[in-house]
Amino acid sequence: MSKHVYISADYAPNDGDQEVIDVLHSWGSDNKHKTDFIDTAQVVSGSITKNPDCRPCDLKREFNAQINASSAVIFIIGDRTSSRTAGSTCGRIQYGAGCGCTPYKQNVNGRTYCKVTGSVSTPGPDEDYGPINPCSYLKHEFMQAVKKEKEIVIVYNSVIRQPQWLPSYMKGYEEIAHPFWKRNYINDTVGDYQFIKQALGYE
87 MSKHVYISAD
97 YAPNDGDQEV
107 IDVLHSWGSD
117 NKHKTDFIDT
127 AQVVSGSITK
137 NPDCRPCDLK
147 REFNAQINAS
157 SAVIFIIGDR
167 TSSRTAGSTC
177 GRIQYGAGCG
187 CTPYKQNVNG
197 RTYCKVTGSV
207 STPGPDEDYG
217 PINPCSYLKH
227 EFMQAVKKEK
237 EIVIVYNSVI
247 RQPQWLPSYM
257 KGYEEIAHPF
267 WKRNYINDTV
277 GDYQFIKQAL
287 GYE
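Residue numbers for the sequence shown follow the numbering used here, so the first one is 87 and each next one is one higher.
Just so you know, these hints were derived from the structure itself, not from any lab.
Please note that a few of the clues may not be correct.
Said to hold, decoys possible - Calculated cross-link-like contacts (lysine to aspartate or glutamate; reagent style EDC-like; alpha-carbon spacing at most 16 Å):
1) Lys191 <-> Asp139
2) Lys268 <-> Glu105
3) Lys283 <-> Glu148
4) Lys191 <-> Asp144
5) Lys268 <-> Asp278
6) Lys233 <-> Glu213
7) Lys234 <-> Asp212
8) Lys234 <-> Asp214
9) Lys233 <-> Asp212
10) Lys89 <-> Glu237
11) Lys136 <-> Glu148
12) Lys234 <-> Glu213
13) Lys283 <-> Glu237
14) Lys236 <-> Asp212
15) Lys201 <-> Asp139
16) Lys236 <-> Glu213
17) Lys234 <-> Glu148
18) Lys283 <-> Asp116
19) Lys89 <-> Asp122
20) Lys233 <-> Asp214
21) Lys236 <-> Asp214
Let's have the full structure, built from the sequences with the hints guiding it.
What follows is the structure in structure tokens.
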């Protein structure tokens, strides 16, 4: 069985959750089962951001497309996740057409005008979570996964449960959130491979 699994995580270089992503990717490349992991950083480094006029809404549309193509979404929760605000600066809904917008790469042209023309409508029940919103990228990914009824796996970047780390928009998911790390028989910290396999339906 082959699965396409999307990873949502905090990629801050010094205090993010890259170590968890690295372990997941190492498991995805083993010979035990076929899992194609794609993470937020891979999307951000892709072709869409090569356009200097790439906006936060363009990136959110791409997140939507990748989540739609996935059978499950893994959300990695660290001690800084709930405070991350990247992607939340869109003022289109509040201020209307002509509001200021900073391209994703904050290019040499600096802040410019919103490039979305016409009115902004509320997406229908069968449509994607609207990319024009004041959500952070992390919240947007979660809202898209919920709306599209994807299998959701939530792990803490910790050896114990840390419900106080969950962002407010994940309220109600405390029971399914699980520590990613555990201690092995020689007390080393290792990823909980068994939990991830079960959560993705391999066992």
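Structure-based check of all given hints:
no., hint, verdict
1, Lys191 <-> Asp139, "holds (8 Å)"
2, Lys268 <-> Glu105, "holds (14 Å)"
3, Lys283 <-> Glu148, "violated (27 Å)"
4, Lys191 <-> Asp144, "holds (12 Å)"
5, Lys268 <-> Asp278, "holds (6 Å)"
6, Lys233 <-> Glu213, "holds (9 Å)"
7, Lys234 <-> Asp212, "holds (8 Å)"
8, Lys234 <-> Asp214, "holds (7 Å)"
9, Lys233 <-> Asp212, "holds (8 Å)"
10, Lys89 <-> Glu237, "holds (12 Å)"
11, Lys136 <-> Glu148, "holds (13 Å)"
12, Lys234 <-> Glu213, "holds (9 Å)"
13, Lys283 <-> Glu237, "holds (13 Å)"
14, Lys236 <-> Asp212, "holds (13 Å)"
15, Lys201 <-> Asp139, "holds (9 Å)"
16, Lys236 <-> Glu213, "holds (14 Å)"
17, Lys234 <-> Glu148, "holds (15 Å)"
18, Lys283 <-> Asp116, "holds (13 Å)"
19, Lys89 <-> Asp122, "holds (6 Å)"
20, Lys233 <-> Asp214, "holds (7 Å)"
21, Lys236 <-> Asp214, "holds (12 Å)"
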